[in-house]
Amino acid sequence: EAGVAQSPRYKIIEKRQSVAFWCNPISGHATLYWYQQILGQGPKLLIQFQNNGVVDDSQLPKDRFSAERLKGVDSTLKIQPAKLEDSAVYLCASSRAGVYGYTFGSGTRLTVV
Amino acid sequence: TQLLEQSPQFLSIQEGENLTVYCNSSSVFSSLQWYRQEPGEGPVLLVTVVTGGEVKKLKRLTFQFGDARKDSSLHITAAQPGDTGLYLCAGPTQGAQKLVFGQGTRLTINP
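Heads up: the protein sequence lines correspond to chains A and B, in order.
Going by our numbering, the first sequence opens with residue 1, and the numbers climb by one from there.
Going by our numbering, the second sequence opens with residue 1001, and the numbers climb by one from there.
Bound conformation, chain A alone (with noise of 0.2 Å):
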């Protein structure tokens, strides 16, 4: 089976330019997860779809944050613009089951400068 894709795996910008992350999930999960993990914490959710709906976007800072989910498979993450502290680690998580089964892709390590 293979696993959660991601894209890039690294990005460089300068503060107020705009970003975009790709994920494709794992064939068949229905549920997509994209995390934000600051360095030296945990991920916090920012967005969970189920197909291709918005489940819970509560965390996500909607003044800079978006993200899609189209035909219910692959995703993507954008930031306009982006500021310093949105340096981080993006990382997509897909599910077959809730929080049963969940797989992680390798991230992608965004520098704000």
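One or more of the hints may lead you astray.
List time: in silico DSS-like cross-link candidates among lysine-lysine, alpha-carbon distance up to 25 Å [as the list claims (entries may be wrong)]: (1) B:LYS1056 to B:LYS1098; (2) A:LYS83 to A:LYS62; (3) A:LYS44 to B:LYS1070; (4) B:LYS1070 to B:LYS1056; (5) B:LYS1098 to B:LYS1059; (6) A:LYS78 to A:LYS62; (7) A:LYS83 to A:LYS15; (8) A:LYS78 to B:LYS1056; (9) A:LYS62 to B:LYS1098; (10) A:LYS71 to B:LYS1098; (11) A:LYS83 to A:LYS11; (12) A:LYS44 to A:LYS11; (13) A:LYS44 to B:LYS1098.
Label-pair ranges, simulated between beta-carbon atoms [to be verified]: (14) B:SER1030 to A:LEU84: 35 to 45 Å; (15) A:VAL73 to B:SER1030: 40 to 50 Å; (16) A:VAL54 to B:SER1030: 16 to 26 Å; (17) B:LEU1045 to A:ASN52: 44 to 54 Å; (18) A:ARG9 to B:THR1051: 31 to 41 Å; (19) A:GLY3 to B:SER1027: 24 to 34 Å; (20) A:LYS78 to B:ASN1018: 44 to 54 Å; (21) B:GLY1095 to A:PRO61: 20 to 30 Å; (22) A:LEU70 to B:PRO1008: 40 to 50 Å; (23) A:ASP63 to B:VAL1055: 25 to 35 Å; (24) A:GLU85 to B:VAL1028: 27 to 37 Å; (25) A:ALA5 to B:ASN1024: 33 to 43 Å.
One side only, chain A facing chain B, incomplete, derived with CB under 8 Å [as the list claims (entries may be wrong)]: (26) PRO43; (27) GLY98; (28) VAL99.
If you are wondering where the hints come from, they were derived from the structure by calculation, not from laboratory data.
Heads up, the beta-carbon is just placed ideally off N, CA and C, and yes, glycines get one too.
Position chain B relative to chain A; hints supplied.
Only chain B this time, still in chain A's reference frame:
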């Protein structure tokens, strides 16, 4: 809000020593999960504990879920350099199908 507190945040020990890391909450969780995360990678699930008082063993790793289902511990016997990593505990939020994570314990095993 359900919070998970992990301790210690950092632990550096010599190869061959034993160690225990803790995950505590004031809330009851239906289950808890432990993950290990290596640099440049996503967290990888080690174990899920679902019953109060449950003990699970994974080679040299022993996981325990508290009787009241508010805490968990991870004990490593005879630690090896390959055990180095960030250990995260996580639990499902009430009524929702997502995980909340602790801040992690960064473990370093020195040869």
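Hints, verified against the model:
Restraint check: the Cα-Cα separation between LYS1056 (chain B) and LYS1098 (chain B) comes to about 23 Å, which is no more than 25 Å; the hinted pair holds. Between LYS83 (chain A) and LYS62 (chain A), the direct Cα distance comes to roughly 14 Å. Compliance with the 25 Å bound is thereby established for this hinted pair. Note on LYS44 (chain A) and LYS1070 (chain B): the hinted pairing holds, with a Cα-Cα distance of about 20 Å set against a maximum of 25 Å. For the proposed pair LYS1070 (chain B) and LYS1056 (chain B), the alpha carbon gap of about 17 Å is at most 25 Å, so the pair holds.
The straight-line distance between the Cα atoms of LYS1098 (chain B) and LYS1059 (chain B) is roughly 28 Å, outside the 25 Å bound, and the hint therefore fails. Restraint check for LYS78 (chain A) and LYS62 (chain A): satisfied, since their Cα atoms lie roughly 10 Å apart, inside the 25 Å limit. Between LYS83 (chain A) and LYS15 (chain A) the CA atoms are separated by roughly 5 Å; this keeps the pair inside 25 Å, and the hint holds. A distance of roughly 40 Å separates the Cα atoms of LYS78 (chain A) and LYS1056 (chain B); the hinted pair therefore is violated under the 25 Å criterion.
The hinted pair formed by LYS62 (chain A) and LYS1098 (chain B) meets the criterion: a straight-line CA distance of about 20 Å does not exceed 25 Å. Under the criterion of a C-alpha separation no larger than 25 Å, the hint pairing LYS71 (chain A) with LYS1098 (chain B) is consistent with the structure, at around 21 Å. As the CA atoms of LYS83 (chain A) and LYS11 (chain A) are separated by approximately 14 Å, the hinted pair is consistent with the 25 Å bound. Proximity of LYS44 (chain A) to LYS11 (chain A) is assessed by CA-CA distance (about 20 Å); at most 25 Å being required, the pair is judged to hold.
For the proposed pair LYS44 (chain A) and LYS1098 (chain B), the alpha carbon gap of about 11 Å is at most 25 Å, so the pair holds. For the pair SER1030 (chain B) and LEU84 (chain A), the supplied restraint of 35 to 45 Å holds, since their beta-carbon distance comes to about 38 Å. For VAL73 (chain A) and SER1030 (chain B), the Cβ-Cβ distance of about 29 Å falls outside the hinted range of 40 to 50 Å, so the restraint is violated. Evaluation of the 16 to 26 Å hint for VAL54 (chain A) and SER1030 (chain B) yields a pass: the beta carbon distance comes to about 24 Å.
In this structure the supplied range 44 to 54 Å is violated for LEU1045 (chain B) paired with ASN52 (chain A), their Cβ-Cβ distance being about 26 Å. Range check, ARG9 (chain A) to THR1051 (chain B): about 39 Å between beta-carbon atoms, so the 31 to 41 Å window is met. For GLY3 (chain A) paired with SER1027 (chain B), a C-beta distance near 31 Å keeps the hint of 24 to 34 Å intact. Between LYS78 (chain A) and ASN1018 (chain B) the C-beta distance comes to about 46 Å, which sits within the given range of 44 to 54 Å.
Separation of GLY1095 (chain B) from PRO61 (chain A) is about 24 Å and conforms to the stated range, judged on CB atoms against 20 to 30 Å. Between LEU70 (chain A) and PRO1008 (chain B) the C-beta distance comes to about 43 Å, which sits within the given range of 40 to 50 Å. At roughly 47 Å, the beta-carbon separation of ASP63 (chain A) and VAL1055 (chain B) lies outside the given 25 to 35 Å, and the hint is violated. Restraint check, GLU85 (chain A) to VAL1028 (chain B): a C-beta distance of roughly 33 Å satisfies the suggested window 27 to 37 Å.
Between ALA5 (chain A) and ASN1024 (chain B) the beta carbons are some 35 Å apart, a value that agrees with the proposed interval 33 to 43 Å. Nearest Cβ of chain B to the Cβ of PRO43 (chain A): about 5 Å, under the 8 Å cut. The hint holds. Among the interface hints, the one on GLY98 (chain A) holds; its C-beta lies about 4 Å from the nearest C-beta in chain B, closer than the 8 Å criterion. Hint on VAL99 (chain A) holds. Least Cβ distance to chain B is approximately 4 Å, under the 8 Å limit.
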